[in-house]
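Asks: Sequence:
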Amino acid sequence: MVGFCHRFHEPVVQIKELLDAGEVGDPVLYRSRFAFHFEGVEKTWFSDPSVSGGGTLMDTSVHSLDLYRFLIGEITQVAAQLQTRTPGLRVEDNSVLLVNGPSGVPGIVEASWTTPVGESVLVIYGTRGSLTVDYDAGNFGVARIWRAEEVAATELPRTGRNRFAEEIKHFISATTAGQSPSPGGEDGLRALRIVEAAYRAAGSTGCTAVAD
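Residue numbers (our numbering): 4 to 215.
None of these hints come from the bench; they were simulated from the model. Don't be surprised by glycine CBs; every beta carbon is placed ideally from N, CA and C.
Cross-link-like lysine to any residue pairs, in silico, SDA-like; alpha carbons within 20 Å at most: (1) 19 x 184; (2) 46 x 97; (3) 19 x 8; (4) 172 x 8; (5) 46 x 119; (6) 19 x 150; (7) 19 x 165; (8) 19 x 29.
For each label pair, taking beta carbons as the anchor points, the in silico distance ranges come out as: (9) 206 x 182: 40 to 48 Å; (10) 28 x 154: 17 to 25 Å; (11) 179 x 203: 34 to 42 Å; (12) 107 x 215: 15 to 23 Å; (13) 195 x 175: 19 to 27 Å; (14) 107 x 174: 30 to 38 Å; (15) 46 x 179: 39 to 47 Å; (16) 26 x 48: 38 to 46 Å; (17) 139 x 162: 18 to 26 Å; (18) 187 x 151: 31 to 39 Å; (19) 119 x 140: 14 to 22 Å; (20) 152 x 55: 41 to 49 Å; (21) 195 x 93: 17 to 25 Å.
Generate the whole structure from the sequences, applying the supplied hints.
Replies: Here it is as structure tokens:
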């Protein structure tokens, strides 16, 4: 099992259920942003590409890409712009990706280690409304639905389930039953192939196809 813990985050589970039920119509745009100020990152193992494998793409964007696959569908195309602003850093500390796949739903994946006023948010815009996971709200983040006919978004109630505990419970339950846990190794491999395609795309123009 691969530790894509956001699949078990209660607000993410909530918006997936609403999305699958057609509560905001058909998805038309996906946006995910994880941004904060990573003080002293250049002094940590994150700055060593031989250990970390990369910067913001490998740190947080890999989760955003997995969430696109979990919520929207497969990714087969990616374009990327990367930047390194922190002196002494050997990996990217800002990145923006554009992704797409068979669903035809464009995805925007943003990540930053250099923004003092950070933001961690996931939004799916649909033909009849939008679904949002605000990771910064409350103690554990909240989900909101905003239907087109409503004047404001509605916040969904939470039970406070911890995503890491839910992830471990799933792993134990699946393996005890002799079943394959999800997300599995293929999900991890696919995410890495998309990240690799993004690094290739950053050195070119236009979209780069993701290898099978």
